[in-house]
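From just these sequences and the hints, can you work out the full model?
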Amino acid sequence: MNDVKRLRFIRNFTIEPIEPWLKRELAGSGIALRCEFGGFATAAEEVAVLDSASTDLTVLALGLEMSSPDFGHANWDADAACERLLLLARETVARCHNTLVLNTVLAPLYNANGGAGVLGQRSAEAAVDALNLALRELAAYDPARIMLADWTLYARQLGEADTYDRRFWFTSGLPFGRRFMARYARDVAAALRIAAGKVRKCLVLDCDNTLWGGVIGEDGLDGIQLSEDTVPGAYFRAFQRAVLDLHARGVAIALASKNNETDVMEVLERHPHALLKRAHLSAWRINWEEKPISLAAIAAQLNLGLDALVFVDDNPLECELVTRALPPVRVLQAPAAREQLVDLLQRNNPFEALIVTAADRARNASYRENRVRAEFSAAIGDLTVYKREIGAELRVRRAGDADLARVVQLLQRTNQFNLTTRRHDTAQVRALSQDADALVLCADLRDRFGDLGLIGAAIVRRSGDGAIVDTLLMSCRALGREAEFAFAGALYARLRDAWQLKWIEAEYVPSAKNAMVADFWTHAGLQRMQPDRDDGVVRYRAAIDAPALATIAPDFITLVSE
Amino acid sequence: MMNEKLRAIVAEVLELDPALITVETSVENQPKWDSLRHMNLIFAIEDGFSVRFEDDALPQLTSIAAIECALKK
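So the protein lines, in turn, are chains A and B. Going by our numbering, 101 is the number at position 101 of the first sequence; the sequence numbering is gapless. Going by our numbering, 66 is the number at position 66 of the second sequence; the sequence numbering is gapless.
Please keep in mind that the hints were generated in silico from the structure rather than gathered at the bench. It is possible that part of the hints are untrue.
[Unchecked claim] Simulated pairs of lysine-lysine, DSSO-like, Cα-Cα distance not exceeding 30 Å:
id, chain 1, residue 1, chain 2, residue 2
1, B, Lys72, A, Lys23
2, A, Lys258, A, Lys277
3, B, Lys73, B, Lys32
4, B, Lys32, A, Lys5
5, A, Lys513, A, Lys5
6, B, Lys32, A, Lys23
7, B, Lys5, A, Lys23
As structure tokens, then:
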């Protein structure tokens with residue numbers, strides 16, 4: 001099922017050629033595009049009446065080169081041009097309430113005075129640098145919502161020959177070359193995936209000739225190449241380093257390798273140059289199964305969709321097999337030119353994110369703790385005993401300013417345990433958290449194995465002498481432990497005791513991914529309201545003092561309400 | 001015989017059924033082949049075949065026959 005996303009481009013150049021690249025970037029993601037392009041010279045007028053309600057993503061694509069025929073010449077008024085562009089960007093940020101892509105701008109490639117300064121006058125380069133700095137600060141104002149497509153970075157990575165293509169500039173109004181447009185498309189597509197809640201979360205790696213040079217089963221621990229003093233060993237070690245950077249950002253790391261598990265684990269634990277250790281792994285399938293089966297098993301174990309996986313393998317046949325069998329998985333083939341493995345992950349940047357929060361950085365600890373919990377559970381056998389032994393504690397409290405980034409992030413990307421999938425942005429959540437007739441709650445979970453951090457959020461609005469649940473969600477990391485019932489129980493208690501309300505209403509809004517919570521409200525003590533609505537939304541209600549509501553919190557979770 | 005890789009690229013960019021594309025397909029007889037898609041098409045062909053067309057060749061590349069001929073040079 002395709003999820004149609006509406007993109008609006010406000011631009012001052014021919015940006016339409018970005019569309020085929022966007023489609024390629026989004027192939028297999030389940031996102032279908034509808035692009036709308038504004039006029040070439042009407043950006044200011046479009047921004048003045050901008051209403052982002054009908055679009056999913058707004059791209060403000062403005063360059064300096066396109067705004068003045070004097071650009072780069074001695075008589076170009078760079079300060080005035082930069083100021084106009086900054087004002088427009090500021091107004092767009094103020095008027096646009098959903099995800100927005102801004103861009104840095106490129107200074108003239110050559111100095112109009114042949115490199116000479118003009119006495120008493122700021123150079124065009126300095127004016128453009130100042131503008132880019134102001135644009136970066138503007139984007140940082142709301143990093144959960146605003147992405148900066150860094151044109152200066154693309155130009156640095158690509159160089160003059162691949163940034164510009166003058167063949168289409170004078171006649172068709174496109175100054176950039178195809179590689180620049182492809183690079184730009186990748187970032188816009190990433191913003192769109194984030195807006196759609198489809199970010200990738202797990203890196204699955206092949207081992208032989210991907211994590212190290214050679215074949216461990218044949219070459220042995222001393223024969224594989226992983227030393228930083230020689231090539232190709234140094235390439236593989238640099239690749240492992242990049243993997244650890246992703247791990248530090250909260251990307252789960254998994255292995256899918258056709259090998260003996262003991263051989264692979266020996267490399268991780270005992271090879272003197274191995275950076276990636278067993279402790280970094282969230283899951284592994286080291287066996288003789290086909291890779292698509294291993295990848296599906298890893299996704300299931302980590303409670304992730306296939307579209308959350310990125311797979312790296314050097315074998316073109318394995319890559320092809322996974323691409324065909326599991327289209328949602330992003331496949332990166334380790335290049336035959338082995339030195340290109342060094343920055344394969346950075347170059348392709350498949351793990352899009354607008355912000356990295358403390359919870360992201362802690363996530364890997366919790367994936368790993370989940371693994372330990374699962375092993376513990378297998379050892380104990382009986383699940384209720386396990387749940388008691390694990391000593392879970394759920395802290396429920398009002399969301400403060402420090403929690404907003406994480407709450408908004410959960411709203412953006414939680415798909416499975418999400419009753420309504422309402423993607424409120426930072427401004428909306430902040431307003432709700434300050435509204436006397438609304439309640440934004442968050443929940444932190446910890447147990448004897450570790451702290452999972454902020455894993456649940458709920459938004460409730462008062463309506464007369466009752467309350468309507470706008471949002472209830474839990475991170476997939478925290479599922480399977482009945483913490484959701486503890487959270488709901490804490491929510492009911494707060495509405496009853498602190499707000500002294502009489503009734504509560506809630507909804508289940510079906511989406512492509514949230515079938516697991518279709519019956520949640522019934523299990524949580526509410527009564528289904530009849531008749532059902534035509535749009536598939538199911539509504540529930542209960543008196544707040546109904547006995548069923550008082551007993552749903554499981555007794556094996558310690559509830560701390562603040 | 002038409003180059004199949006070219007057929008696939010043209011079909012993707014012009015959003016046409018590959019079976020409808022022949023060497024005779026051109027700007028003249030294919031309304032979807034407008035100036036914007038022409039630019040997209042040139043980019044996609046340059047990408048797919050690792051070539052770069054000279055700017056004076058671009059205005060002539062308005063039919064599949066002409067593009068095939070240019071790719072053979």
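Against the structure, the hints:
1. B:Lys72 x A:Lys23: Roughly 29 Å separates the two Cα atoms, so the pair holds.
2. A:Lys258 x A:Lys277: holds (18 Å)
3. B:Lys73 x B:Lys32: holds (27 Å)
4. B:Lys32 x A:Lys5: holds (23 Å)
5. A:Lys513 x A:Lys5: holds (17 Å)
6. B:Lys32 x A:Lys23: Holds, at about 18 Å.
7. B:Lys5 x A:Lys23: Distance of about 19 Å is within 30 Å: holds.
Going through the hint list in order, the structure satisfies each hint without exception.
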